[in-house]
Amino acid sequence: MFEIYCPHCQEYREEEEFHASGEAHISRPLDPDNCTDEEWAQFLYFRKNPRGVHHELWVHAAGCRKFFNITRDTQTYEIKETYKVGEQPTVTE
Amino acid sequence: MSEVIANNEVASAPVLIQQMDQLSSQGARAESPLYHADLASVAREGNQNGGVVLQEVALLGHLVLRGNINNAGFTSGVEKVLGMALPGSLQSAENGDVSLRWIAPDEWLLVVPGAQAFSIERELRDAMDGHIAIVNVSGGQTVLNLSGANARDVLMKSTGYDVHDRNFPVGKVVTTTFAKSQAVIRRTGEQSWELIIRRSFSDYLWLWLQDASAEFGLTVRT
Chain X
1 MFEIYCPHCQ
11 EYREEEEFHA
21 SGEAHISRPL
31 DPDNCTDEEW
41 AQFLYFRKNP
51 RGVHHELWVH
61 AAGCRKFFNI
71 TRDTQTYEIK
81 ETYKVGEQPT
91 VTE
Chain Z
1 MSEVIANNEV
11 ASAPVLIQQM
21 DQLSSQGARA
31 ESPLYHADLA
41 SVAREGNQNG
51 GVVLQEVALL
61 GHLVLRGNIN
71 NAGFTSGVEK
81 VLGMALPGSL
91 QSAENGDVSL
101 RWIAPDEWLL
111 VVPGAQAFSI
121 ERELRDAMDG
131 HIAIVNVSGG
141 QTVLNLSGAN
151 ARDVLMKSTG
161 YDVHDRNFPV
171 GKVVTTTFAK
181 SQAVIRRTGE
191 QSWELIIRRS
201 FSDYLWLWLQ
211 DASAEFGLTV
221 RT
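Top line first, the protein sequences correspond to chains X and Z.
Taking the numbering used here, the leading residue of the first sequence gets 1, the next gets one more, and so forth.
Taking the numbering used here, the leading residue of the second sequence gets 1, the next gets one more, and so forth.
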């Protein structure tokens with residue numbers, strides 16, 4: 001078990017209260033009717049799977065039920081930072 | 001593919017919200033989620049000197065308030081009607097028999113005497129403006145008070161959250177895991193905690209609390 005800092009509750013909580021929701025910073029095409037199939041497929045299906053630093057969307061499912069982002073190392077499981085949706089990560093590599 | 005689902009005409013029309021008093025005017029009998037457990041008989045015939053004291057505060061009015069903390073029409077409406085400010089993160093506030101808990105950055109849980117839920121909801125709607133929501137969830141949850149010398153020991157068995165004094169002072173409120181369910185836990189005194197639990201989990205948690213309290217002795221009060 002490890003603890004994760006929730007930027008909304010502003011304290012560390014048990015891992016079991018949280019749920020991962022995939023890659024962060026995925027923006028929906030602004031004009032879906034006029035984007036190419038490739039752009040739409042990129043938005044819907046294609047995700048990064050890096051070895052190392054990764055930005056992920058998590059939800060504090062058993063707490064405040066808010067989504068936020070985690071910068072995490074997929075190799076060591078180390079959590080580098082957590083930040084609110086709409087903010088940019090400070091750790092990028 | 002996508003269609004226009006709102007136009008300016010619709011957006012500027014006054015918003016009509018259906019409001020309904022959830023209490024029957026016909027005198028229908030209300031049953032708490034733990035009605036079947038017959039806590040009154042357990043309180044009368046059971047252990048009177050347990051280290052853990054459990055009391056259900058049934059049939060209160062539970063209102064979920066949603067709004068932006070930066071919206072003055074929302075925050076001032078709460079202060080005007082309830083006589084207290086919205087508590088900050090992980091904090092609670094009390095005024096008489098009305099209590100308010102922080103649940104999320106844009107969500108608070110208000111608990112009021114059962115018969116007043118509808119009138120307080122209407123007062124709040126009249127006093128607030130802007131983008132807000134009030135939902136009566138009274139039927140969906142119930143309040144349990146856990147107290148006594150061993151109440152903390154039962155909490156330590158039931159939740160992963162740190163309930164030590166340095167982390168959980170009186171007045172703090174957290175939504176967290178409890179047994180295999182969830183609860184809104186508020187510390188109401190040196191040896192007393194309030195649990196707000198889901199109706200559908202109430203029987204499971206009643207069985208859990210009896211089991212977890214068995215080694216300390218469980219006293220039920222009404």
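Any given hint could be a false lead.
[Claimed, not checked] Listed next, the stretches of chain X that the computed footprint assigns to chain Z, with coverage defined by at least 3 CB atoms under 8 Å from CB atoms of chain Z:
| no. | region |
| --- | --- |
| 1 | 6–20 |
| 2 | 64–70 |
[Claimed, not checked] Calculated cross-link-like contacts (lysine-lysine; reagent style DSS-like; alpha-carbon spacing at most 27 Å):
| no. | chain 1 | residue 1 | chain 2 | residue 2 |
| --- | --- | --- | --- | --- |
| 3 | Z | Lys80 | X | Lys48 |
| 4 | X | Lys84 | X | Lys66 |
| 5 | X | Lys66 | Z | Lys172 |
| 6 | Z | Lys172 | X | Lys84 |
| 7 | X | Lys84 | X | Lys48 |
| 8 | Z | Lys157 | Z | Lys172 |
| 9 | Z | Lys172 | Z | Lys80 |
| 10 | X | Lys80 | X | Lys66 |
| 11 | X | Lys48 | X | Lys80 |
None of these hints come from the bench; they were simulated from the model.
A quick note: this is a predicted structure, and the numbers were derived from the prediction, not measured.
Ideal placement from N, C-alpha and C gives every residue a C-beta, glycine not left out.
Each hint, compared with the structure:
no.	hint	result
1	6–20	holds (count 8)
2	64–70	holds (count 3)
3	Z/Lys80 with X/Lys48	violated (50 Å)
4	X/Lys84 with X/Lys66	holds (9 Å)
5	X/Lys66 with Z/Lys172	holds (19 Å)
6	Z/Lys172 with X/Lys84	holds (23 Å)
7	X/Lys84 with X/Lys48	holds (20 Å)
8	Z/Lys157 with Z/Lys172	holds (19 Å)
9	Z/Lys172 with Z/Lys80	holds (23 Å)
10	X/Lys80 with X/Lys66	holds (19 Å)
11	X/Lys48 with X/Lys80	holds (18 Å)
Of the numbered hints stated above, the single one contradicted by the structure is hint 3.
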